[in-house]
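Peer 1: Sequence:
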Amino acid sequence: MVELKTPAEIERMRVSGAFVATVLDELSDLAGVGVNVRELEQHARTMIRARGAESCFWDYSPSFGSGPFRNVLCVSVNDAVLHGLPSSYTLRDGDLLCLDLAVAIDGWVADSARSMIVGTPRGDDQRLLEATEHALAAGIAAARAGNRLGDVSAAIGAVANKYSYPVNTDFGGHGLGRTMHEEPHVPNKGIPGRGMKLRCGMTLAIEPWFAKTTDRIILDDDGWTLRSADGSRGAHSEHSIAITEAGPLILTLPAQVL
1 MVELKTPAEI ERMRVSGAFV ATVLDELSDL AGVGVNVREL EQHARTMIRA
51 RGAESCFWDY SPSFGSGPFR NVLCVSVNDA VLHGLPSSYT LRDGDLLCLD
101 LAVAIDGWVA DSARSMIVGT PRGDDQRLLE ATEHALAAGI AAARAGNRLG
151 DVSAAIGAVA NKYSYPVNTD FGGHGLGRTM HEEPHVPNKG IPGRGMKLRC
201 GMTLAIEPWF AKTTDRIILD DDGWTLRSAD GSRGAHSEHS IAITEAGPLI
251 LTLPAQVL
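Just so we're aligned, residue 1 is where the sequence shown starts under the UniProt record's numbering, counting upward by one.
Simulated from the structure, these hints should not be mistaken for lab results.
Glycine included, each C-beta is placed from N, C-alpha and C at the ideal position.
Here are the simulated distance ranges between beta carbons:
id, residue 1, residue 2, range
1, E3, G119, 37 to 47 angstroms
2, R178, T213, 33 to 43 angstroms
3, W58, E3, 19 to 29 angstroms
4, T244, N36, 33 to 43 angstroms
5, D124, E3, 36 to 46 angstroms
6, D25, A141, 17 to 27 angstroms
7, R178, R49, 17 to 27 angstroms
8, K197, T90, 44 to 54 angstroms
9, D170, G193, 20 to 30 angstroms
10, E245, P192, 19 to 29 angstroms
11, T244, D124, 29 to 39 angstroms
12, T6, I218, 37 to 47 angstroms
13, Q126, R49, 26 to 36 angstroms
14, N36, G247, 38 to 48 angstroms
Given the sequences, and given the hints that come with them, work out the whole structure.
Peer 2: Now the structure itself:
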């Protein structure tokens, strides 16, 4: 069941989204060569605690993970494409880093992810990161009342095809609102004109992620981190949005942009 949010509820989600964006901004500034990723996790915990927010990741126990998740941040590096545990890894020059964060404030959730290159960029990594950002923009642009869910998925998939990146459809975007994962699932590849009709008040997390040369993933020994099956690097971009009469509204922008 998809719950349609009122304009007032969407505004409350924007508050959560602005905070998520602020945390990711600070973490992006902190991430650098020689930084241990646990430092990023601890900084996120401190900010969440100070704001009185609630992590949506802490104690999360989905079917694809091993027991409750005991962190507030997913930190995926290089061939880790999703759900990376913040281990004791120290960032190196040229690492491709993704940070994924979801919090609730006053009962309303926002979820966002961004990828970045630590230190010296590699051209193929920049291209991969660019592809996820373009796919995110295309997916958001297609998320309009009257369109179908397949239009969003097809827009994302078309960008992947343009860049010649394979697409995994097991993990993608999702509904959100009072909880982090709600209906519907939003695959990163689809057929235009198919699927659920989009309506004003729907709130979605749209999150294209691609690995360079495979759509297959394997589960790491830590029971959480998903890696590309062939060891190729991945990138991931995500925003939470609301579908409104005026078009798609990005909820996870910094407060000064609102």
